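Each chain, letter by letter, is given below.
There are 4 protein chains.
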Amino acid sequence: MCGVFGIHHHDEAANIAYLGLHALQHRGQESAGLVAFADGKLRQEVAMSLVADAFNRDRLAHLPGQTAIGHVRYSTAGTSELRNAQPFVFEYAGGKISIAHNGNLVNADELRAELEAQGSIFQTSSDTEVIIHLMAKARDADVVGRLRTALSRVRGAYSLVLLTSDERMIGARDPNGFRPLVIGRLKDAWVLSSETCAFDLVEAEYIRDVEPGEIVVIERGGMTSSRVDLSVPAVPVAPTFCVFEHVYFARPDSLVNGRSAYRAREKMGRALAQESQIEADVVVPVPDSGVPAAIGYSKESGIPFEMGLIRSHYVGRTFIEPQDSIRHFGVRLKLSPVRAVVDGKKVVVVDDSLVRGTTSRKIVKMLRNAGAREIHLRISAPPTTHPCYYGINTPNRSELVASSHTLDEIAKYVTCDSIAYLSHAGMMKAVGADSEAGAGYCSACFTGNYPVPLGTAALVQLRRARI
Amino acid sequence: MCGVFGIHHHDEAANIAYLGLHALQHRGQESAGLVAFADGKLRQEVAMSLVADAFNRDRLAHLPGQTAIGHVRYSTAGTSELRNAQPFVFEYAGGKISIAHNGNLVNADELRAELEAQGSIFQTSSDTEVIIHLMAKARDADVVGRLRTALSRVRGAYSLVLLTSDERMIGARDPNGFRPLVIGRLKDAWVLSSETCAFDLVEAEYIRDVEPGEIVVIERGGMTSSRVDLSVPAVPVAPTFCVFEHVYFARPDSLVNGRSAYRAREKMGRALAQESQIEADVVVPVPDSGVPAAIGYSKESGIPFEMGLIRSHYVGRTFIEPQDSIRHFGVRLKLSPVRAVVDGKKVVVVDDSLVRGTTSRKIVKMLRNAGAREIHLRISAPPTTHPCYYGINTPNRSELVASSHTLDEIAKYVTCDSIAYLSHAGMMKAVGADSEAGAGYCSACFTGNYPVPLGTAALVQLRRARI
Amino acid sequence: MCGVFGIHHHDEAANIAYLGLHALQHRGQESAGLVAFADGKLRQEVAMSLVADAFNRDRLAHLPGQTAIGHVRYSTAGTSELRNAQPFVFEYAGGKISIAHNGNLVNADELRAELEAQGSIFQTSSDTEVIIHLMAKARDADVVGRLRTALSRVRGAYSLVLLTSDERMIGARDPNGFRPLVIGRLKDAWVLSSETCAFDLVEAEYIRDVEPGEIVVIERGGMTSSRVDLSVPAVPVAPTFCVFEHVYFARPDSLVNGRSAYRAREKMGRALAQESQIEADVVVPVPDSGVPAAIGYSKESGIPFEMGLIRSHYVGRTFIEPQDSIRHFGVRLKLSPVRAVVDGKKVVVVDDSLVRGTTSRKIVKMLRNAGAREIHLRISAPPTTHPCYYGINTPNRSELVASSHTLDEIAKYVTCDSIAYLSHAGMMKAVGADSEAGAGYCSACFTGNYPVPLGTAALVQLRRARI
Amino acid sequence: MCGVFGIHHHDEAANIAYLGLHALQHRGQESAGLVAFADGKLRQEVAMSLVADAFNRDRLAHLPGQTAIGHVRYSTAGTSELRNAQPFVFEYAGGKISIAHNGNLVNADELRAELEAQGSIFQTSSDTEVIIHLMAKARDADVVGRLRTALSRVRGAYSLVLLTSDERMIGARDPNGFRPLVIGRLKDAWVLSSETCAFDLVEAEYIRDVEPGEIVVIERGGMTSSRVDLSVPAVPVAPTFCVFEHVYFARPDSLVNGRSAYRAREKMGRALAQESQIEADVVVPVPDSGVPAAIGYSKESGIPFEMGLIRSHYVGRTFIEPQDSIRHFGVRLKLSPVRAVVDGKKVVVVDDSLVRGTTSRKIVKMLRNAGAREIHLRISAPPTTHPCYYGINTPNRSELVASSHTLDEIAKYVTCDSIAYLSHAGMMKAVGADSEAGAGYCSACFTGNYPVPLGTAALVQLRRARI
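Protein sequence lines, in the order shown, are assigned to chains A, B, C and D. Per the working numbering, the first sequence runs over residues 1 to 467. Per the working numbering, the second sequence runs over residues 1 to 467. Per the working numbering, the third sequence runs over residues 1 to 467. Per the working numbering, the fourth sequence runs over residues 1 to 467.
Careful, some of the hints might be misleading.
Given that identical chains are not distinguished, each listed pair holds provided it fits within a single copy or across any two copies.
To be verified - Here are the simulated DSS-like cross-link-like pairs (lysine-lysine), alpha carbons at most 30 Å apart as the crow flies:
#1 Lys41 - Lys334
#2 Lys365 - Lys187
#3 Lys429 - Lys346
#4 Lys137 - Lys334
#5 Lys429 - Lys334
#6 Lys137 - Lys365
#7 Lys187 - Lys362
#8 Lys299 - Lys346
#9 Lys429 - Lys137
#10 Lys299 - Lys137
#11 Lys346 - Lys41
#12 Lys334 - Lys187
#13 Lys412 - Lys334
#14 Lys365 - Lys346
#15 Lys96 - Lys412
Think of the hints as simulated: they come from the structure by calculation, not from any bench. Note that this is a predicted model, so its numbers are computed, not measured.
Using the sequences plus the hints, can you model the full thing?
Rendered as structure tokens:
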């Protein structure tokens, strides 16, 4: 779970990239970083914090130049993990280069073992470092050739933005196109971003998506395009865009895979209402991500939409949990029920996913305490039964409640009166898939059909969870 | 614009008070403070920051004891202003006492001049210090008597929570009852709070409001009630609760003046739809505060409700504004339009207030850029024409666009296709006023009818603005 | 233990005052503060930290104007103690005023009780606030008159620098002149400081001391002088400058009471050598304060001087003490013995004071571990037997090892082979006292002869310690 | 300029290593880092700050285990430079390993180019990363074999402490033994350190130096020793310990190359007095490093020693320099003259080195302003004419004033009345060299005789400076 951004040939490159990261903040809250090019140098500023806290006027002033790339990364833990913060900068025979990566490689462990056997050293725990090593070992004359050689070896998900020491900005996307990457223009400058919402913020114009398997190279003369070398896998690769970007991950105001995430979610809500009708007094979303689907559900069902749960704007990063006096504390700090909306009512609660079930359980109890007579949970996606190995941070299979429990069991655990999920076909129709089966999309987290073969470690982990 | 909280006789007093401040964070983001009683001492921790940043495990550990009060305050500026952060602690002939104040006194300047003439010194710019001085100079034997004497001198708005060095917690509210103050119980403990939403967070039970002009004293034996001495003003004082708490300020999940803020806002939206009908494709709220009114508007008008503006969760406190490249930057960082919702549409935008008009103007332009065909602005309150002198931080009259411009002029400035406000009577009906004229409520910011005579400084300021 | 500084009519007033505080840092490390005058306003910046950490370019930029005063204060504890950080700013009938105070009033408790009985409130635990209240209650027309009236009531030690809202800078010193206060010029500007070392840093010229009982008022027209009103005490007051400033507190490069602190300490060392001769191999100072006396001892005795103890420059403010493995840890981090100097030697260790004896005991053990054959402790002052009530932060009498133990007992506790102190007469000769008995100096900490009668609390505390 | 420390098999390993870094703080103030081994993992905590600020209880608690190594590094600049902070942790085919390095490799650029040509990538600008790569590429079965292979390729100065993922601690020193590395015991634990002063602080016992060209491996069974492979250079390598460690760099309480740094400096002062006699009133050291030599000079010459310059303990990391009013400001904040000592006197100022001459010039002017009649500068080392390429951070040759100016020219620039340096033979005698020519020591910074051939970049730089 990461976001990438880049801008080439703009007088306020670092400032614009900083704002781009602001717009992509939802894709990663652990670390934020920028690298800018000026006078033949790549300057880097990274921090373990939100974008707004990571940079100030002084730090941005350390990043002169007309080209800059940036990265936001999801939270893991540990102050020394700053070494894992991207964009990385490294030096190799081809000069200096910086790289920002969204996605997850499935054969990183195998490649890492192979590289170490050849004498490579690793300083981070990131699979991105594998790409760097492969580039460094490539025999190609040019950095683009090196990148193409490196990418012919890796499997899995990557949307990359690179910055070279001769001020070229490169964007690349894996042949499956799991993660988004879009191209825009801001006056004369070229812009790359994980999502179009960053273009809206900086007033750039959306041009098109980087295509699955495409490498775009941006330099002063303009943009040129080439393809990731697919000769080695031999088998043709069909695009499989991550459906979960539509379901939850992308911002609703972004165009995702060329379609409005907001509208897709609204359609999921409508389909959900068609599939699992129920008489109720009010439709309440779990804010903010459940709002568009709840609006769709309300429209389709005719049941009034109300903001029966309020989301706090001020959830602190650190807080003190009382020893025993307050139940469901974490959720309470973030969400609070509006008694006037739910008291005495039959409530349909619309959420976009249910992973472990613990949060839903707390929400149900909160609403029950606030007087809700009946609570019917509606999830605007199918049951999450399998972990993602292509870049979404889902828990192990054993923690996914839907992987081992029936609907009734889940409803009982969550203590709701009924539960229903959207069907796979319903979801695929909402996101405009080419077929009801979901052609063009990866929905492995809902089906277990992984479009790119997994590495050994992932397979072992999956097998264990099944036992 | 402040929030106050107190808890008496609970084993985790400081922790609970800290959580209470979390729930009241929307009432003030400049400073946060706690004072706790233990071993005959009042210990204080204050900081110029959000509640989550102000306190950590260590700082809360410095606040032992079973009784604690807290305060959040709205942002002004300046690091040295920590001296203005409440709760204040001071020492006088009656011992030590701590005080937290929400509201604004209208005769503070006059009293301050009088007190200084008698040799008093002032260390803060807060009108709360006046109350302290009056208590110190009172001849009463007991702290409650001193407080009653002090309050008989002050005019204006106050909801107070005090903590004495014999571990009594006192709540007091001005005879008009401008600002809210509610009483709750958490098991055996008594709790005071500006809003009921803090009770919900800490799982306290709402008992009742502190009444206008009431002083409640909480000690081990229980709670006793008395009245603020009204003999000096002679004229009877009718309660005039601030209607703006309903319109905007209170959290929607709070009970305000005994009524749901959410429902009041929804009713305002309904009334607004009745009063100013228009044909349109979509109703879009300015999130988050405009949401309940927009839902009401949608229900009444039958025009579909959509979240056509997205609010960012990650707005930083400091950011770098590009020199010239991005227009309407501040609003853009906070709000972004959903093109899929507004493109080619006639859009009704519902907001709860329009003060200077600059933000509305930026929102209208953003929506227009996102393709909106027509934009009709609907404000779920009457035009704001007068400043508040009772504790809401409104600008001077000259900056209130509605105080000197017609609707047409405002619409032209904001660049919307039409604008309409809710009528005063419509608003009063929505908040359940005793009469259409608004009996029981202060609506001076909409009418200029100030229920408590203003001090000289305020009158001069008002007169100047009129010229 | 504090330092004060002020500069009047200089284009870089805040910068110069900041540097002055740097030079006075040894007089107080808890808090640092500056107040500057510009445009009729007094702006304040204070922090609980060293001067270098308290201010940066931004904070100094908040302090425009040509006149500024500053203060450093000794460490107590607690973040909320920022309220005690000086210079104070307060408002009273005479306008705004700022005050910085070095010293300690002996009748503060009595005056505080009297003021509280009259309705005054206190917001700090500082005795300085008493002076402010007395000024506020004075009936004089002018601030200088008010100050004179206030000072006629207080007893004890004060060296004050004040800044008024009409840009006058005032210096005042108690009739005994316990604490230093010196006047200098920096081109056209007037400067006040606790010590001359601050003049040297900012390249100001030392003019003279503020005399005991003198009030100097500096305004654009120049400096005028008047006297603290002595009519009320009736009895004539003789100057009694604190001898401990010479012994330990002032910086060695300062002129103290018109004399070089370095030379006074060297003379104390010479006198000590005369009084308590011993055969030894090497004279080792406890750095840095013991160095001048050790040099004097070496010169007089002919025993070679060596830096047998090294002082670390990098002692951290916080560190982790191992659980049980390292003895005498705190002293070890700060001081370390040079084995090459002391191994197998008879060592004379010269220190300037011995308060509790715990540090000396650790030093002796460290030197013994480093091979010293004999250790003879020589203190370049008489035994400290009484606490100071005039502004030096000494412990209670019961903790002063010399107040209740013989030389032999102390030597046994410290585990040195012999111990000797300088005689009272020897010390007084070294500081150039007008008589062998010490006319012109306060040496109460060595004799118990308190030149200004103590308040009740102090007397009770003293009496208890005697039991 | 760095310091290294390690402790093996102690229950408080991280705490002890933290203290060891405290004692080595003078060897590097930019960054501080610790790596500890527990449960098969290497945990790292590094920060760009002084040791005392880099670690607190929480951060040390993140470093469990019985073995830990640490590193302090000299200040360069830039927050992103955290990547250069040691100890490094990396992963390679042999597992995980951590390394801390003091010294400088002269063939790092050549090796780096060679490694990059083979496909290696570099993430830091540190030459230490070269050693890591060579280890990773080595074909040896064991980490010690890999280290020996790597070290057979590198030339220059290194004192290394490594920690392996099977909890072995390794110390290694280059065949010339440029930088110190000593072995100690703390009860059952083994300790490695750059200097013995760290042993004194943690109460470890000094056992012996790691010999030039020795590799020591410490595991549970004890310590084993082997030699760096010298077969490749073929020519025999004689030890050449850095004489500058004696002159200035090491702490005076450390044993350096088996000898007391304090005593060596005192002898240099004595020799200086013999070589360049002058009639004077007082000998004044530039504190703190010049003190032992000044004591020696005083003893030999009979001229009295005085602390005529005071060093401030509180020099801040950041300060505001006034625009034009204060000359020689940086030195003034750190040093101040004692007028009582130097006024009207002929002063001999003893310093340990004169690099650019700018600081000496400021000191001379300060002393002249304080009244010194004559100032005779005596440097307790020969003229610094050549840069160091073995780990001391000296400026380029063109900035070394002695490389291109005569004594008279230097005296004129510094504005002193006379200047004299210690002879090379005098210095070598003071440090106990095996011959007057300095056998056993590297004195390249004084002679240009570099005992290990320099790399191309250094040679180019040297040649340029000569033109």
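Structure-based check of all given hints:
{"no.": "1", "hint": "Lys41 - Lys334", "result": "neither (43 Å within a copy, 34 Å between copies)"}
{"no.": "2", "hint": "Lys365 - Lys187", "result": "between (52 Å within a copy, 19 Å between copies)"}
{"no.": "3", "hint": "Lys429 - Lys346", "result": "both (29 Å within a copy, 28 Å between copies)"}
{"no.": "4", "hint": "Lys137 - Lys334", "result": "neither (48 Å within a copy, 45 Å between copies)"}
{"no.": "5", "hint": "Lys429 - Lys334", "result": "neither (32 Å within a copy, 32 Å between copies)"}
{"no.": "6", "hint": "Lys137 - Lys365", "result": "neither (57 Å within a copy, 52 Å between copies)"}
{"no.": "7", "hint": "Lys187 - Lys362", "result": "between (49 Å within a copy, 21 Å between copies)"}
{"no.": "8", "hint": "Lys299 - Lys346", "result": "both (17 Å within a copy, 19 Å between copies)"}
{"no.": "9", "hint": "Lys429 - Lys137", "result": "neither (44 Å within a copy, 53 Å between copies)"}
{"no.": "10", "hint": "Lys299 - Lys137", "result": "neither (57 Å within a copy, 64 Å between copies)"}
{"no.": "11", "hint": "Lys346 - Lys41", "result": "neither (62 Å within a copy, 50 Å between copies)"}
{"no.": "12", "hint": "Lys334 - Lys187", "result": "between (40 Å within a copy, 23 Å between copies)"}
{"no.": "13", "hint": "Lys412 - Lys334", "result": "within (24 Å within a copy, 39 Å between copies)"}
{"no.": "14", "hint": "Lys365 - Lys346", "result": "within (14 Å within a copy, 40 Å between copies)"}
{"no.": "15", "hint": "Lys96 - Lys412", "result": "neither (57 Å within a copy, 47 Å between copies)"}
In this structure, the hints that do not hold are numbers 1, 4, 5, 6, 9, 10, 11, 15, in rising order.
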